[in-house]
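Participant: Numbering (our numbering), first residue to last: 1 to 504.
Wrong hints could be hidden among the right ones.
[Claimed, not checked] Have a look at the derived ranges for each label pair, beta carbon to beta carbon:
(1) Lys379 / Lys35: 39 to 47 Å
(2) Lys31 / Pro299: 39 to 47 Å
(3) Gln285 / Ile40: 37 to 45 Å
(4) Lys82 / Pro299: 54 to 62 Å
(5) Met292 / Gln226: 26 to 34 Å
(6) Ile108 / Met292: 44 to 52 Å
[As the list claims (entries may be wrong)] DSS-like, lysine-lysine: derived pairs with alpha carbons at most 30 Å apart:
(7) Lys424 / Lys411
(8) Lys254 / Lys286
(9) Lys379 / Lys73
Hints listed in this document are in silico derivations from the structure and should not be mistaken for laboratory results.
Virtual Cβ for every residue (Gly too), placed ideally from N, Cα, C.
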Amino acid sequence: MMFLKNLTQRIFLLKVRNSLPNRFGHALNAKLENKYALHIFMAIIIFSFAYASAEIGVSRFSPDSWAYLELSKTVFNGDFYKFNTLRSYFSSEYSASFPLGYPVAIAITSLLIGSNPMIAVAINIVAAIATGYVLFFICRQIKLPALACFSIISALLFYRYYIDEIFSGRAIPVAIFLYAVSFYFFIRRRPVISGVFLGLSVLVRFDFLVYALLFQTAALMVTRWQPRQNFLLLFGFVIGIFPWIFFSFTHFGKIWISDNSWVAISALPAFVLDYPAAPIISAFQKPIMWLMRVISNVPPLLRSIIRGSLNIPLLILFFAYVIANWLRFGKENRNKFLLLFAIISLSTIPYLLTGYFDYRYYSLPFISLSMALVYLTYKTNNEVIFGVDCFGLSLISLIFASVLGIFFLSKDISTANTRFEDVKSEAAQIRSLHYCHQQNSMNTYIFARGDLAAKYGALTGMRAAMLPSNLDRMTLEEKNAYYDRMKPYVFVENISGDGKCITQ
1 MMFLKNLTQR IFLLKVRNSL PNRFGHALNA KLENKYALHI FMAIIIFSFA
51 YASAEIGVSR FSPDSWAYLE LSKTVFNGDF YKFNTLRSYF SSEYSASFPL
101 GYPVAIAITS LLIGSNPMIA VAINIVAAIA TGYVLFFICR QIKLPALACF
151 SIISALLFYR YYIDEIFSGR AIPVAIFLYA VSFYFFIRRR PVISGVFLGL
201 SVLVRFDFLV YALLFQTAAL MVTRWQPRQN FLLLFGFVIG IFPWIFFSFT
251 HFGKIWISDN SWVAISALPA FVLDYPAAPI ISAFQKPIMW LMRVISNVPP
301 LLRSIIRGSL NIPLLILFFA YVIANWLRFG KENRNKFLLL FAIISLSTIP
351 YLLTGYFDYR YYSLPFISLS MALVYLTYKT NNEVIFGVDC FGLSLISLIF
401 ASVLGIFFLS KDISTANTRF EDVKSEAAQI RSLHYCHQQN SMNTYIFARG
451 DLAAKYGALT GMRAAMLPSN LDRMTLEEKN AYYDRMKPYV FVENISGDGK
501 CITQ
């Protein structure tokens with residue numbers, strides 16, 4: 001019986017090794033081990049992203065994109081972080097909407113090569129490519145084969161909503177790059193440098209504060225570092241975030257300011273662009289009501305995470321692989337993975353508290369979980385699922401990620417081409433409106449369209465405002481109070497560019 005069992009296993013393993021995905025996976029891995037393979041791959045990505053950015057232009061820009069550009073113009077003009085477009089009514093003079101890292105990066109780049117909205121996209125492309133290299137170095141440091149490294153890089157760079165961040169000129173690609181550099185120095189046992197880059201990632205995105213704190217928690221629980229090394233990691237982190245601490249304290253009198261903080265403690269559903277920017281009922285007044293609101297956010301958060309993860313084939317395939325082979329991984333490996341899974345899951349706390357469920361927010365948790373899954377499978381027995389081994393799964397993941405990346409890039413280019421005339425016409429209309437506004441620059445132009453308000457304010461530097469997101473829910477008294485606060489103002493329902501100025 002033992003002979004028959006061993007013979008069956010050998011026949012099965014031989015069949016597995018000879019299956020097409022596995023054979024091609026091993027063959028491709030051998031090719032990718034070449035020292036020039038990564039450079040060739042990255043050159044293709046650079047060319048693809050550069051071409052796409054030239055075609056897409058600013059058509060993908062959102063209000064956040066324009067807000068970053070507007071704030072970047074204040075870095076060297078003597079009014080640091082003093083905005084001219086009201087988007088959040090949390091503050092009326094200095095911005096608490098975004099940490100200063102990304103606007104400063106745009107400002108420095110603009111100082112070197114000239115001002116242009118597309119600088120943000122260029123920075124993101126550079127950050128994406130640099131992140132790809134850092135991920136490769138991390139994978140090699142933890143001794144993963146080349147094919148696994150390429151599949152992980154592709155999982156991030158071809159993630160639909162990461163691509164959208166790149167061409168929208170927003171901050172997530174830079175934040176992820178800094179976080180990845182921090183992790184690289186962490187595994188190289190350079191705690192101070194790791195901590196500094198960890199802090200810098202928070203200086204680019206507020207939600208990375210939770211990622212950074214969980215990172216340090218994991219370091220305490222998983223590594224065998226001496227207390228001194230963990231202290232050095234924390235010390236470096238404080239150095240990294242210190243610029244925002246200094247700004248917060250000097251301008252707002254608080255150690256850490258963020259205009260989303262009041263949304264997180266609101267016992268009722270709220271949004272950062274509501275007016276007034278304060279909870280009607282806070283968690284301190286009615287903690288049970290607040291807890292129920294947070295719990296009610298769990299189902300939509302889970303739905304959002306599941307739908308977003310469907311855009312990362314690597315994550316789906318290796319998650320299925322791990323589940324199918326769970327008992328074969330050994331107790332120690334299972335416990336480590338469960339700990340990492342719990343920590344990564346906790347990183348969604350900011351979205352649970354605020355009720356924001358945008359797929360782009362999950363870029364870092366998804367790629368972190370993907371890397372943990374790939375590491376677990378490659379570092380244990382090479383078990384199989386449906387006749388496909390780790391190399392076969394990596395190959396399939398790489399193919400699907402590339403196909404999805406090409407599809408979404410093509411779709412974005414096609415959409416941008418259809419909007420070319422609209423974007424061109426809008427630019428002419430903004431110039432016409434700007435001319436009118438200069439005749440009475442004390443007015444605040446309140447736009448019915450929030451995206452137009454952000455674009456107008458960033459391009460012209462004139463006083464502009466978005467309507468509160470809760471305007472339809474406000475009472476007549478509350479609306480009157482809002483408009484009284486905004487005086488003198490002009491309401492802009494639409495722009496025509498016909499040369500006629502709006503007078504009221």
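Participant: Can you let me know if the beta-carbon spacing of Gln285 and Ile40 is within 37 to 45 Å?
Facilitator: violated (60 Å)
Participant: Would you check the hint for Lys254 and Lys286, treating anything up to 30 Å between C-alpha atoms as holding?
Facilitator: holds (24 Å)
Participant: Please work out if Lys424 and Lys411 have their alpha carbons no farther apart than 30 Å.
Facilitator: holds (20 Å)
Participant: Can you let me know if the beta-carbon spacing of Ile108 and Met292 is within 44 to 52 Å?
Facilitator: Holds - the Cβ-Cβ distance for Ile108 and Met292, about 46 Å, lies within 44 to 52 Å.
Participant: Does the beta carbon distance between Lys31 and Pro299 stay inside 39 to 47 Å, or does it fall outside?
Facilitator: holds (45 Å)
Participant: Under the criterion that the straight-line Cα-Cα distance not exceed 30 Å, is the pair Lys379, Lys73 satisfied?
Facilitator: Distance ~49 Å between Lys379 and Lys73 Cα, so the pair is violated.
Participant: Is the distance from the Cβ of Lys379 to the Cβ of Lys35 consistent with 39 to 47 Å?
Facilitator: The hint (39 to 47 Å, Cβ to Cβ) is violated, given that Lys379 and Lys35 are roughly 24 Å apart.
Participant: Verify the CB-CB distance for Lys82 and Pro299 against the hinted window 54 to 62 Å.
Facilitator: Violated: the Cβ-Cβ distance is about 41 Å, outside 54 to 62 Å.
Participant: Could you tell me whether the CB distance from Met292 to Gln226 stays inside 26 to 34 Å?
Facilitator: violated (44 Å)
In this structure, the hints that do not hold are numbers 1, 3, 4, 5 and 9, in rising order.
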